[in-house]
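The opening residue of the first sequence carries number 1 in this note's numbering; numbering runs sequentially from there.
In case anyone wonders, no lab produced these hints; they're calculated from the structure.
As the structure is a prediction and not an experimental result, all values here were calculated from the model.
There's no promise every hint is true.
The calculated label-pair distances, taken between Cβ atoms and stated as ranges, are [unchecked claim]: (1) ASN247 - SER707: 27 to 37 Å; (2) THR673 - SER870: 29 to 39 Å; (3) THR673 - ASN365: 40 to 50 Å; (4) GLY260 - GLY532: 29 to 39 Å.
From the three backbone atoms N, C-alpha and C, an ideal C-beta is built for every residue, glycine too.
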Amino acid sequence: MAKLAPSHLLQTPLSSKPTSLPRLSSTLTLLDDLGHLGELKTLSSVKAVHAQMIKMSNNNKMDIKAKSLATCYLEFGDSRSAAMAFFVGSAHYLPWSPFLEEFRRYGNDPEDVLKFFLEFHNRGVVFDSRVLGFVLKLCGNLKELWLGLEMHAYLIKKGFDLDVYLNCALINFYGTCLGIESSNQLFDEMHKKEDMLWDEVIKLNSKKGRWVKVLELFSNMQLSFAKPNSATIINALQACGKVRALNEGKQIHGYVLRWGLESNLSICNSLISMYSRNDRLELAKAVFDSMNDHNLSSWNSIISSYTALGCLNDAWIVYYEMELSDVKPDIVTWNCLLSGHSLHGSYQEVLAILKRMQDAGFKPNSSSITSVLQAVSELCLLKHGKEIHAFVIRNGLDYDVYVGTSLVDMYVKNNCLSFAQSVFDNMKNKNIFAWNCLISGYSFEGLFEDAEQLLNSMSQEGIKPDLVTWNGLILGYAMKGRHKEAIAAIHRMKSSGLTPNVVSWTALISGCSQNENHAESLKYFLQMQEDGIRANFATISSLLKACAGLSLLRKGEEIHCHSIRKGFIEDVFVATALVDMYSKAGNFRSAYEVFRMIKNRTLASWNCMIMGFATYGSAKEAISLFNEMRGAGLQPDAITFTALLSGCKNSGLVDEGWKFFDSMSTDYNIAPTIEHFSCMVDILARAGYLDEAWDFIQTMPLKPDASIWGAFLASCLTHKNLEFAETAAKNLFELEPHNPANYVLMMNLYSISNRWVDVERLKDLMRKVGVKHSPVWSWTQIDQKIHMFCAEGKPHPDLGEIYFELYHLVSEMKKLGYEPDISCVHQNIDAVEKKKMLLSHTEKLAITYGLMKMKNGEPIRVVNNTRVCSDCHTAAKYISVVRKCEIFLKDGTRFHHFREGKCTCNDCW
DNA sequence: AGAAACGGAA
Numbered sequence: 001m002a003k004l005a006p007s008h009l010l011q012t013p014l015s016s017k018p019t020s021l022p023r024l025s026s027t028l029t030l031l032d033d034l035g036h037l038g039e040l041k042t043l044s045s046v047k048a049v050h051a052q053m054i055k056m057s058n059n060n061k062m063d064i065k066a067k068s069l070a071t072c073y074l075e076f077g078d079s080r081s082a083a084m085a086f087f088v089g090s091a092h093y094l095p096w097s098p099f100l101e102e103f104r105r106y107g108n109d110p111e112d113v114l115k116f117f118l119e120f121h122n123r124g125v126v127f128d129s130r131v132l133g134f135v136l137k138l139c140g141n142l143k144e145l146w147l148g149l150e151m152h153a154y155l156i157k158k159g160f161d162l163d164v165y166l167n168c169a170l171i172n173f174y175g176t177c178l179g180i181e182s183s184n185q186l187f188d189e190m191h192k193k194e195d196m197l198w199d200e201v202i203k204l205n206s207k208k209g210r211w212v213k214v215l216e217l218f219s220n221m222q223l224s225f226a227k228p229n230s231a232t233i234i235n236a237l238q239a240c241g242k243v244r245a246l247n248e249g250k251q252i253h254g255y256v257l258r259w260g261l262e263s264n265l266s267i268c269n270s271l272i273s274m275y276s277r278n279d280r281l282e283l284a285k286a287v288f289d290s291m292n293d294h295n296l297s298s299w300n301s302i303i304s305s306y307t308a309l310g311c312l313n314d315a316w317i318v319y320y321e322m323e324l325s326d327v328k329p330d331i332v333t334w335n336c337l338l339s340g341h342s343l344h345g346s347y348q349e350v351l352a353i354l355k356r357m358q359d360a361g362f363k364p365n366s367s368s369i370t371s372v373l374q375a376v377s378e379l380c381l382l383k384h385g386k387e388i389h390a391f392v393i394r395n396g397l398d399y400d401v402y403v404g405t406s407l408v409d410m411y412v413k414n415n416c417l418s419f420a421q422s423v424f425d426n427m428k429n430k431n432i433f434a435w436n437c438l439i440s441g442y443s444f445e446g447l448f449e450d451a452e453q454l455l456n457s458m459s460q461e462g463i464k465p466d467l468v469t470w471n472g473l474i475l476g477y478a479m480k481g482r483h484k485e486a487i488a489a490i491h492r493m494k495s496s497g498l499t500p501n502v503v504s505w506t507a508l509i510s511g512c513s514q515n516e517n518h519a520e521s522l523k524y525f526l527q528m529q530e531d532g533i534r535a536n537f538a539t540i541s542s543l544l545k546a547c548a549g550l551s552l553l554r555k556g557e558e559i560h561c562h563s564i565r566k567g568f569i570e571d572v573f574v575a576t577a578l579v580d581m582y583s584k585a586g587n588f589r590s591a592y593e594v595f596r597m598i599k600n601r602t603l604a605s606w607n608c609m610i611m612g613f614a615t616y617g618s619a620k621e622a623i624s625l626f627n628e629m630r631g632a633g634l635q636p637d638a639i640t641f642t643a644l645l646s647g648c649k650n651s652g653l654v655d656e657g658w659k660f661f662d663s664m665s666t667d668y669n670i671a672p673t674i675e676h677f678s679c680m681v682d683i684l685a686r687a688g689y690l691d692e693a694w695d696f697i698q699t700m701p702l703k704p705d706a707s708i709w710g711a712f713l714a715s716c717l718t719h720k721n722l723e724f725a726e727t728a729a730k731n732l733f734e735l736e737p738h739n740p741a742n743y744v745l746m747m748n749l750y751s752i753s754n755r756w757v758d759v760e761r762l763k764d765l766m767r768k769v770g771v772k773h774s775p776v777w778s779w780t781q782i783d784q785k786i787h788m789f790c791a792e793g794k795p796h797p798d799l800g801e802i803y804f805e806l807y808h809l810v811s812e813m814k815k816l817g818y819e820p821d822i823s824c825v826h827q828n829i830d831a832v833e834k835k836k837m838l839l840s841h842t843e844k845l846a847i848t849y850g851l852m853k854m855k856n857g858e859p860i861r862v863v864n865n866t867r868v869c870s871d872c873h874t875a876a877k878y879i880s881v882v883r884k885c886e887i888f889l890k891d892g893t894r895f896h897h898f899r900e901g902k903c904t905c906n907d908c909w
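Use the sequences and the hints to build the structure in full.
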């Protein structure tokens with residue numbers, strides 16, 4: 001209840017005149033009837049009148065006078081005298097509850113009200129049910145459990161327990177003091193359930209957010225033929241929205257029509273919200289259109305339906321209709337628009353709407369601020385974020401827990417952890433959202449000590465870490481390659497009593513594959529299944545990423561089948577991941593089939609497919625797909641151009657490369673990144689334009705990194721340009737001294753040039769720097785088993801048979817003109833040894849094993865981790881003729897598809 | 001009318 005008495009009155013000296021007394025006039029009118037007008041401007045004059053009244057106490061209008069007098073005392077803040085006046089004058093037959101309510105309204109503490117009640121109860125006043133109900137309510141508010149329970153006992157003893165008002169009060173009291181469950185229990189035990197009682201218990205459950213219970217009660221209420229009031233219908237409709245109970249909502253709609261309640265605006269507005277929360281915009285709209293009258297709330301409900309469901313343009317249309325019908329928007333209207341645009345990713349519009357609402361004279365409140373902060377953090381507009389932070393402080397909105405949490409989140413998302421921490425420290429009430437934001441902020445930055453420390457402090461402050469807290473930690477650990485700690489976190493959350501769900505496990509799995517730990521991804525997927533957790537869309541996309549990373553075509557195919565069975569294939573993320581998996585694992589036909597099947601392709605889907613063609617060496621298809629994409633109205637991004645340029649690189653298209661490189665900045669306003677520059681260097685140098693590539697490197701606006709020099713060095717080797725190569729190598733040895741590939745390339749170049757002294761010098765350098773050789777391997781999958789062929793380490797068990805087959809094969813190939821290319825061996829040994837060396841290349845072993853084990857007609861698929869040498873490349877072409885087979889070879893940089901003596905790379909790799 | 005967790009492309 002609002003305090004009507006200005007508090008300064010209580011501090012005013014009793015003799016001075018109160019300035020304005022809003023309720024005094026009515027009191028005076030009453031006293032005026034009794035002939036005492038005019039004098040009552042001070043407490044002392046009230047007292048004087050009181051004294052006079054006591055003198056003529058035989059007056060039979062004493063009760064009315066007592067009430068007026070008591071009210072007068074209350075207005076002057078003398079509650080004690082007020083109560084006494086009331087008691088003396090009228091106690092036994094006047095209803096006390098208006099007095100007590102009045103008493104409370106004048107700003108007296110509820111404790112005092114209770115004290116008075118007890119005092120007069122002890123003086124023998126017998127109160128009616130309304131007073132008792134009022135006092136019970138106070139007991140609830142003050143958490144006076146024992147007094148309330150005593151009153152319950154007293155009521156039963158006096159037979160009051162049949163009074164519906166009191167029963168309502170009791171249910172209410174139990175709810176506030178002992179929890180909603182005891183209210184529900186008490187309600188169940190009540191024999192006679194009047195309509196009001198149903199209304200009360202539904203109201204309480206609705207307040208507590210027990211939506212399922214609300215619906216259960218509402219349905220039972222109808223079964224007992226009780227008639228709900230409109231508040232109850234509104235509560236039930238709200239419940240149908242919250243738990244997405246569309247059928248129940250429709251039934252209530254029917255009920256509303258049957259009882260002719262469709263003229264009740266509030267009920268109709270609730271119907272609109274109910275349908276909107278059940279994603280049935282057309283039904284929401286139908287209710288809105290059927291209404292004879294619309295108030296502001298109705299307009300807000302329908303606008304909110306449109307914005308919540310992402311129909312932003314329609315929302316604006318309704319907004320203008322509303323303006324035309326002369327209803328002015330309020331802050332709620334603006335906040336609906338803000339939150340809808342923010343929710344559906346129209347972040348720029350959020351900022352525009354903010355400006356519009358401010359121009360219209362509305363000051364953003366805490367709700368507006370949360371939507372705006374979300375947009376600001378997604379747009380990475382840290383500067384705007386800080387301005388809003390200042391606005392929040394100026395306007396005292398920082399006490400709002402939503403605003404505080406949104407600020408922490410905004411700073412976390414903009415990598416501003418120190419600000420996030422300081423906002424967090426200043427929050428008066430921290431809820432679990434704020435803790436989780438900050439913990440995941442530290443975790444994603446790899447600052448695990450801070451994250452773990454926060455985890456400890458939140459437990460100490462009595463906030464139990466939840467699934468989201470743990471997910472933040474798990475994902476952070478997994479993304480930073482610390483998968484042991486990530487799985488440990490899964491176990492820790494188990495021992496804290498939480499059951500990791502599919503999101504927790506997916507965080508682990510996806511974190512590992514984001515960090516290229518694909519094998520771990522697959523391992524943890526198995527553990528997840530052992531834990532009895534089923535995969536969802538997100539898990540499947542992460543797994544496909546792992547399969548793509550490992551080129552595990554068979555595994556990917558299994559997941560594809562599973563996705564079709566479970567309907568995951570409908571998800572654009574899953575479908576796009578499939579396209580990527582198939583292109584990386586070497587099944588372009590399937591990649592293309594899946595791509596064509598996707599109904600709602602996103603930019604990523606197009607990019608994956610363009611990239612697929614590019615790595616496969618089909619630059620023409622990549623380019624025509626790009627044109628198709630443009631025709632479909634999609635704007636390319638930086639990744640599209642990386643794909644196009646690497647297509648040009650793999651197909652040796654210099655002119656097209658230049659064209660796309662220029663076009664991305666001039667036509668599409670996309671600044672080239674280091675990857676684009678690196679592609680361009682590769683395109684130029686590979687085609688033999690080494691001088692142009694050199695100039696390009698010298699004039700590029702970004703500092704050349706290892707990818708630039710690496711691309712350049714590889715082409716220097718192809719074109720045997722020692723001078724450029726040495727410059728490139730010098731840079732590379734500084735930029736990445738521990739990468740063995742650079743030393744190997746350089747040694748190869750020296751060996752071709754017969755500069756064995758330099759080869760030895762580099763070997764020494766590698767030893768001095770401590771560069772480790774990376775193992776060279778190839779593998780092929782036969783049935784369910786992966787067969788590895790490593791240059792070093794454990795040999796394959798069937799190696800003898802493989803060499804037997806390979807010798808046989810080579811002699812057949814020689815008949816067709818094959819000649820071993822010994823220039824591929826960069827060791828200072830004689831030609832016979834070099835030829836033996838060539839036979840041991842892991843690609844040849846894997847291909848041969850494939851030939852031995854594959855059923856007829858099946859293509860052979862081999863994955864290799866280096867750049868395939870020209871002898872193996874030539875050999876594969878001959879093999880495809882001799883054995884009439886197709887060979888897919890994925891090497892460290894691209895794809896080769898050998899068929900009928902030709903390779904799709906056109907010998908350019 | 002309002003906040004946080006897992007997913008695809010280089």
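Results of checking the hints against the structure:
Taken as a hint, the range 27 to 37 Å is violated for the pair ASN247 and SER707, whose Cβ atoms sit roughly 58 Å apart. The hint said 29 to 39 Å for the Cβ distance between THR673 and SER870, and at roughly 32 Å that hint holds. Distance hint check: the CB atoms of THR673 and ASN365 are about 41 Å apart, consistent with the given range 40 to 50 Å. For GLY260 and GLY532, the Cβ-Cβ distance of about 52 Å falls outside the hinted range of 29 to 39 Å, so the restraint is violated.
Consistency with the previously given hints fails for numbers 1 and 4, ordered from lowest to highest.
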